[in-house]
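> In order, the protein sequences belong to chains A and B.
Letter by letter, the first sequence follows residues 0 to 100 in numbering that gives the first Met the number 0.
Letter by letter, the second sequence follows residues 0 to 175 in numbering that gives the first Met the number 0.
Be aware that one or more of the hints could be misleading.
With a straight-line Cα cutoff of 16 Å, these simulated EDC-like cross-link-like pairs (lysine to aspartate or glutamate) come out [to be verified]:
{"no.": "1", "chain 1": "B", "residue 1": "Lys119", "chain 2": "B", "residue 2": "Asp1"}
{"no.": "2", "chain 1": "B", "residue 1": "Lys137", "chain 2": "A", "residue 2": "Asp55"}
{"no.": "3", "chain 1": "B", "residue 1": "Lys132", "chain 2": "A", "residue 2": "Asp91"}
{"no.": "4", "chain 1": "B", "residue 1": "Lys132", "chain 2": "A", "residue 2": "Asp57"}
{"no.": "5", "chain 1": "B", "residue 1": "Lys119", "chain 2": "A", "residue 2": "Asp55"}
{"no.": "6", "chain 1": "B", "residue 1": "Lys137", "chain 2": "A", "residue 2": "Asp57"}
{"no.": "7", "chain 1": "B", "residue 1": "Lys119", "chain 2": "B", "residue 2": "Asp4"}
Example chain A residues on the side facing chain B (calculated, C-beta under 10 Å, incomplete) [said to hold, decoys possible]:
{"no.": "8", "residue": "Tyr7"}
{"no.": "9", "residue": "Phe32"}
{"no.": "10", "residue": "Asn40"}
{"no.": "11", "residue": "Phe49"}
{"no.": "12", "residue": "Gln59"}
{"no.": "13", "residue": "Phe61"}
{"no.": "14", "residue": "Ala71"}
{"no.": "15", "residue": "Met82"}
{"no.": "16", "residue": "Leu95"}
{"no.": "17", "residue": "Asn96"}
{"no.": "18", "residue": "Arg97"}
Please keep in mind that the hints were generated in silico from the structure rather than gathered at the bench.
Using N, Cα and C, we set each Cβ at its ideal position, and we do this for glycine too.
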Amino acid sequence: MPVNSTHYLFLSLLLFSIGIMGALMRRNAIIIFMCIELMLNAVNLLLVAFSKIYGDADAQLFVFFIMVVAAAEVAVGLAIIVMMYRKVHSVDINILNRLKH
Amino acid sequence: MDIYDILFWVLSAIAVSCALGVILSRNPVNSVMFLILTFFAISGHYILMNAQFLAIVNVIVYAGAIMVLFLFVIMLMNLNADVEPQKGQLVQLAGVISGGVLFLVVLAGIKSARPVTIDKAASDIGLITNLGKVLFTKYVLPFEISSVLFLSAMIGAIVIGKKEDAKPIAPRDEEL
Numbered sequence: 000m001p002v003n004s005t006h007y008l009f010l011s012l013l014l015f016s017i018g019i020m021g022a023l024m025r026r027n028a029i030i031i032f033m034c035i036e037l038m039l040n041a042v043n044l045l046l047v048a049f050s051k052i053y054g055d056a057d058a059q060l061f062v063f064f065i066m067v068v069a070a071a072e073v074a075v076g077l078a079i080i081v082m083m084y085r086k087v088h089s090v091d092i093n094i095l096n097r098l099k100h
Numbered sequence: 000m001d002i003y004d005i006l007f008w009v010l011s012a013i014a015v016s017c018a019l020g021v022i023l024s025r026n027p028v029n030s031v032m033f034l035i036l037t038f039f040a041i042s043g044h045y046i047l048m049n050a051q052f053l054a055i056v057n058v059i060v061y062a063g064a065i066m067v068l069f070l071f072v073i074m075l076m077n078l079n080a081d082v083e084p085q086k087g088q089l090v091q092l093a094g095v096i097s098g099g100v101l102f103l104v105v106l107a108g109i110k111s112a113r114p115v116t117i118d119k120a121a122s123d124i125g126l127i128t129n130l131g132k133v134l135f136t137k138y139v140l141p142f143e144i145s146s147v148l149f150l151s152a153m154i155g156a157i158v159i160g161k162k163e164d165a166k167p168i169a170p171r172d173e174e175l
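Could you put together the complete structure from these sequences and hints?
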């Protein structure tokens, strides 16, 4: 069976679900952040696949902008995690349920 | 089963198994390494689909810059000893079940989607010439706005990450 669009849909959905599972399972804030990156990449893969199928360059530019936003997001998010580590000396998200130290 | 299909299945197997390694490994440094491997597999998919520019950008930006930033923060916090307290078994099971239910629901939604065959011939859509033309004509405003976004993200990261006692503050009560 040759590869068609359904294969890419399944692969992307599988990667996205793994990202969701990781974000729900783990307590380390950095790992949760990495799972969010994994979900973003699953969506990127699907956008590139449909760009290939329909011969359209717009989807690849959307992927480019998603990468731009993800890079900015990682910079700010890791700064927040570092600041939180300085305050409470842990990256455990269960400590963050009070919003006040 | 030509070379495209074989490469698709090999890269998909690498991507999915390394993604499982990200969420299952106990050591955060191992998670970062697995995530880098996942990104390389996804870059392989991009090359397979003639998106060469995105493949290179994915390797440079994600596997190069972002993951080094993650690794740097992990080593800065000295988290490479696996001392992370685990969630209870029940919570982990609930996470797996919720993710699996999401998978099944969307799977049921896309199961009946009409499969579209992929033209496996090489195309030049993903080359930087074509992408640059579209980027600087149709999407020039979002491109400029994203530069403002980067500037604000940079300033925000510096302000958040700055040590608080770098600025002169009045001594607090408990220090007196």
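> Take the hints in turn and mark each one as holding or not.
Here's how the hints hold up against the structure:
1. Lys119(B) with Asp1(B): Distance of about 10 Å is within 16 Å: holds.
2. Lys137(B) with Asp55(A): Holds: Lys137(B) and Asp55(A) sit about 13 Å apart, inside 16 Å.
3. Lys132(B) with Asp91(A): Violated - the C-alpha atoms of Asp91(A) and Lys132(B) are around 46 Å apart, more than 16 Å.
4. Lys132(B) with Asp57(A): holds, 11 Å
5. Lys119(B) with Asp55(A): Holds - the C-alpha atoms of Asp55(A) and Lys119(B) are around 15 Å apart, at most 16 Å.
6. Lys137(B) with Asp57(A): Measuring from Cα to Cα gives roughly 9 Å; hence the hint holds.
7. Lys119(B) with Asp4(B): holds, 10 Å
8. Tyr7: holds, 8 Å
9. Phe32: holds, 8 Å
10. Asn40: Holds, because the Cβ-Cβ distance from Asn40(A) to chain B comes to roughly 5 Å (cut-off 10 Å).
11. Phe49: Result: holds, 9 Å to nearest chain B Cβ.
12. Gln59: This hint holds: Gln59(A) lies near chain B, its Cβ roughly 6 Å from the closest one there, short of 10 Å.
13. Phe61: With Cβ-Cβ at 9 Å, under 10 Å, it holds.
14. Ala71: Constraint on Ala71(A) satisfied, holds at 4 Å.
15. Met82: holds, 5 Å
16. Leu95: Cβ of Leu95(A) sits 14 Å from chain B, so the hint is violated.
17. Asn96: With Cβ-Cβ at 13 Å, over 10 Å, it is violated.
18. Arg97: Hint on Arg97(A): violated, closest Cβ of chain B at ~17 Å, above 10 Å.
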